[in-house]
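Chain G: place on chain F using the hints.
Protein chains in written order, with this note's numbering: chain F, 1 to 325; chain G, 1 to 488.
If you are wondering where the hints come from, they were derived from the structure by calculation, not from laboratory data.
Take the hints with a grain of salt, since some may be wrong.
[As the list claims (entries may be wrong)] Just so you have them, the derived chain F footprint on chain G, three or more residues with Cβ under 8 angstroms:
no.	segment
1	259 to 265
2	287 to 301
3	318 to 328
4	406 to 413
5	418 to 429
6	453 to 461
[What the hints assert, rightly or not] Just a sample of chain G residues kept apart from chain F, beta carbon distances all over 12 angstroms, derived:
no.	residue
7	G16
8	L18
9	I61
10	L94
11	D124
12	T130
13	G138
14	I142
15	D188
16	H312
[Said to hold, decoys possible] Chain G is faced by these chain F residues, among others (derived, beta-carbon under 7 angstroms):
no.	residue
17	G18
18	V29
19	D35
20	I39
21	V152
22	Y168
23	M170
24	F262
25	L266
26	S286
27	Q288
28	V297
29	G300
30	I309
31	L310
C-beta atoms are modelled at their ideal positions from N, C-alpha and C, and glycine is treated no differently.
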Amino acid sequence: MINYLIRRLLYAVPILIGVNLVTFVLFFVVNTPDDMARIHLGVKRVTPQAIAKWKEERGYDKPLLFNHRAPGMATFTETIFFQKSVKLFAFNFGRADDGRDIAYEIKKRMGPSLAIALPVFLLGLLWTISFALMMVFFRSTYLDVWGVVLCVGLMSISSLFYIIGGQYLMSKLWNLVPISGFGDGPAALKFLILPVLVGVISGMGAGVRWYRTIFLEEIGKDYVRTARAKGLSELRVLFKHVLQNAMIPILTGAVVVIPSLFMGSLITESFFGIPGLGSYTIEAISSQDFAVVRAMVFLGSVLYIVGLILTDFSYTLVDPRIRLE
Amino acid sequence: MMSLKPILLWTDVLLGLLILGGLILSGFIRRRRHLRAPWQRVLQSKSGIISLVILSFFLGIGLLDSIHFRPPVDTGKSGSKAYGVEVLSLLDLLVGPLRQRPEKTYSAPLATHLYTKETIELADGRQVRTFPRLIFGGAHLINPELDKTGDIVHRVLTGLGVAMLLWALLSSAWLGFLSRRHRVGFHDWVRTVFRGQCPVPWNAALFTVLALLLAGVPAALLSIKYHLLGTDKVGQDVLYLALKSIRTGLVIGTLTTLVLLPLAVLLGIMAGYFRGWIDDLVQYIYTTFHSIPSVLLIAAAVLMTQVYMDTHPNLFETVNARADFRLLFLCLILGMTSWTGLCRLLRGEALKLREMEYIQAAQAFGVSDFRIIIRHILPNVMHIVLISMVMDFSGLVLAEAVLSYVGVGVDPSMISFGTMINSARMEMAREPMVWWSLASAFSFMFLMVLSANLFADAVRDAFDPRVRTLSDKFNLFGRKPVQEAGKD
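One chain only, chain F, in its complex shape:
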């Protein structure tokens, strides 16, 4: 088990290096720091001095890969690649363009992001799986058929519509919850209801269909027939046998996203004015703050890889036949 974990962690290193290389090429090779400075300072009427100053303030005034003027190891460390990309491995994210510490911002904004993403994930999982099980229980009836129709319809609606429609109905028309905003502690609850509800509903169409297919595939297998032949009730067959055996595909899809929940949702957070990581990213994108975008790309990849490892471990919990070696 420990060996397996170590091997997986080692395997993650080249992947993260790859991610870093991709972002490095995107941010520094496709466009030089001079180009970026020019965009930030305005394309026209910008003096070379202003560009040099901008670059120096942000540490972009070093060579890309090799610094021939620096002595010894500094040939490699006094470069943009080392300062901006390699340091990410130590979770040293540096400063945003407005001078704030990115790591501090990330720590501060994780909480609000999780407050939305975690309930959406858990309630969504519970709701979609129960709905899918219900449809499978009533399979080949009108309930099932109309359920599928409903799911295809829900899938075809833009996620933006759910948010805008939800805000209009719940906040403007019925005055139930505030349109947007966030509070501390229990006061946050009234701000959370709507985004969570919207999140669950907008994920429902695709989710229910996916789980329904998994359950239907499982229900055609021989052990289910055996269970029925033993005289077990259909409900018991579904919950005891089918659900347990469908755990592997369910976990494959679900566990991998758990770490990424920290990242929050871009759209939801920016629509509902929640000061989480998602809205942080959006702000960074719209103000072209590349340091923040780079940090978020790295963080996202790390969390995804953690998710992959967690998925493997979760298999051993639900299927005793699987051993990690």
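Chain G in isolation, oriented as in the chain F frame:
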């Protein structure tokens, strides 16, 4: 109008090539029975043929909107030719009135007056605050309060009548063509079709065409004199915006798959077939790409293009060429972020296939790896490629809206569902509320994505052997399994 200067935008060329390739491929498929059979199953499903009709309607609009040119500008001198900087499409010509009749600002659907009050000076010098008449919408009415309803009813009824007439002509032509091909008498054939007794549910297709006509012809008649879906903040006709958005959605949905297919197919099959270090390398590449959050990768790449385009402004002749370049690049980067799923599927399939007896037999005969991949593996994974292609389409159309909202979608000057929603999102908070831009964008997008989803389901049902056994077992949509699939 004779001297138009045709303009080939990059996306036009690629879209054209895609259509051409599709036509050649369909000619190829028509002549082979085993390839034709699953497509016939698609046509034989009701939802399949209905969604196909609706999708071809969208495709038609999109293609009309993909033939671009620059209209000549009247310079006043004869003999010299100058072309406007505006790039227009055939669709712009067809719906000319919609494009050329901007109002001042918001106006409700079918309104004759502006949505906001303005101070108007009367003839006797007094000033009144009132809703002014629109410049174009309902301008032909002398007394809009009295005449409007009658005029609208008149137009709708005429439209419905014309639509029925058109439909009767179209459907009898089509049915006549089919009856001749099947060598059945026209009357017998009509009876078979409308009783739903022929394997392809032509009745469903024809009724869909009827519904489209019944909605489209009155809408066209109304929008000659009104703004059918109102106008937006700068007074542009919302119906026009919605129609123009269709092409953007189509381009993103189709060209992206064009980008990701070669990558996914080549790498996936090679990894599965050769195994060893190639497999390791390919797995490494797709895990790396997959682990980057796709929105962020897209954002980073689009921001970088933006920087590139801002620092190289002289590369682009017109605003449209610039917007088009960004659209193309968006497709490229969307393809780069979404090829991993298909690649993994294909790798798994190739791993399975290479152990099959016929592949091993081919290897034993000394057939080269390249030929085995082309002749034996590729045809046997094509159904996966096709299914994932049609399944991706709707997701990509939806993604465009979200990306445009984040600000990393298409160029703001390009009309798309995303930019429509983005510019209209504050309108719900207005008092009184402006709902029509959002409602039109969402309903057009919904119709397009829904039909794409239904079509994708029909294709998957027809091509995926696993789903087919499932749906036979549970008879999912109350559809009878068709016995003679080969007989059209």
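Status of the hints after comparison with the structure:
Proximity of the segment 259 to 265 of chain G to chain F, defined as three or more residues with a beta carbon under 8 angstroms from a beta carbon of that chain, is not established by the 0 residues found. Against chain F, the segment 287 to 301 of chain G contributes 13 residues with a C-beta closer than 8 angstroms to a partner C-beta. That satisfies the three-residue criterion, and the hint holds. Taking a C-beta to C-beta cut-off of 8 angstroms, the segment 318 to 328 of chain G contributes 0 residues in contact with chain F, too few for the three needed, and the coverage statement is violated. Beta-carbon proximity to chain F at under 8 angstroms applies to 3 residues in the segment 406 to 413 of chain G; the threshold of 3 is reached and the given coverage holds.
For the segment 418 to 429 of chain G, the stated coverage by chain F holds: 4 residues have a C-beta nearer than 8 angstroms to a C-beta of that chain, and at least 3 were required. Only residues whose beta carbon comes within less than 8 angstroms of a beta carbon in chain F count, and the segment 453 to 461 of chain G has 3; three or more means the coverage holds. With 12 angstroms as the threshold on Cβ separation, the claim that G16(G) sits away from chain F holds: the shortest Cβ distance comes to roughly 28 angstroms. Non-interface status of L18(G) relative to chain F is upheld: no Cβ of that chain comes within 12 angstroms, the nearest being about 23 angstroms off.
Under the 12 angstroms C-beta cut-off, the non-interface status given to I61(G) relative to chain F holds; the minimum distance is some 19 angstroms. Once the 12 angstroms rule is applied to beta carbons, L94(G) is consistent with being away from chain F; the minimum gap is 27 angstroms. At roughly 42 angstroms from the closest C-beta of chain F, the C-beta of D124(G) stays outside 12 angstroms, upholding its exclusion from the interface. No beta-carbon of chain F is positioned within 12 angstroms of the beta-carbon of T130(G); the least distance is around 27 angstroms.
Distance check for G138(G) against chain F: the nearest CB is about 28 angstroms away, which clears 12 angstroms, and the non-interface claim stands. Every CB of chain F is more than 12 angstroms from the CB of I142(G) (nearest about 38 angstroms), matching its label as outside the interface. Every Cβ of chain F is farther than 12 angstroms from the Cβ of D188(G); the closest lies at roughly 33 angstroms, confirming the non-interface assignment. Taking the minimum C-beta to C-beta distance to chain F, about 9 angstroms, the non-interface status of H312(G) is violated against the 12 angstroms cut.
For G18(F), the suggested interface contact is upheld, since its CB lies about 4 angstroms from the closest CB of chain G, less than 7 angstroms. With a cut of 7 angstroms, the hint placing V29(F) at the interface with chain G is violated, because the nearest CB-to-CB distance is about 10 angstroms. Interface hint status for D35(F): upheld, as the beta-carbon distance to the closest one in chain G is roughly 5 angstroms, under 7 angstroms. Given the 7 angstroms rule on beta carbons, the hint for I39(F) holds: about 5 angstroms separates it from the nearest Cβ of chain G.
At about 5 angstroms, the closest approach between the beta carbon of V152(F) and any beta carbon in chain G falls short of 7 angstroms, and the interface hint on this residue holds. Taken as an interface hint, Y168(F) checks out: its beta carbon lies about 5 angstroms from the nearest beta carbon of chain G, inside 7 angstroms. At a threshold of 7 angstroms, the smallest CB-CB gap from M170(F) to chain G is about 13 angstroms, leaving the interface hint violated. Because the smallest distance between the Cβ of F262(F) and any Cβ of chain G comes to about 11 angstroms, over 7 angstroms, the interface hint for this residue is violated.
Residue-level restraint check for L266(F) holds (minimum Cβ-Cβ distance to chain G is 6 angstroms; threshold 7 angstroms). The beta carbon of S286(F) comes within 5 angstroms of a beta carbon in chain G, closer than 7 angstroms, and the hint placing it at the interface holds. Using the Cβ-Cβ criterion of 7 angstroms, the hint placing Q288(F) at the interface with chain G is satisfied: the shortest such distance is roughly 6 angstroms. Interface hint status for V297(F): upheld, as the beta-carbon distance to the closest one in chain G is roughly 5 angstroms, under 7 angstroms.
Taken as an interface hint, G300(F) checks out: its beta carbon lies about 4 angstroms from the nearest beta carbon of chain G, inside 7 angstroms. Residue-level restraint check for I309(F) is violated (minimum Cβ-Cβ distance to chain G is 12 angstroms; threshold 7 angstroms). A hinted interface residue such as L310(F) counts as satisfied when its beta carbon comes closer than 7 angstroms to some beta carbon of chain G; here the least separation is about 14 angstroms, so the hint is violated.
The structure shown violates the earlier hints numbered 1, 3, 16, 18, 23, 24, 30, 31.
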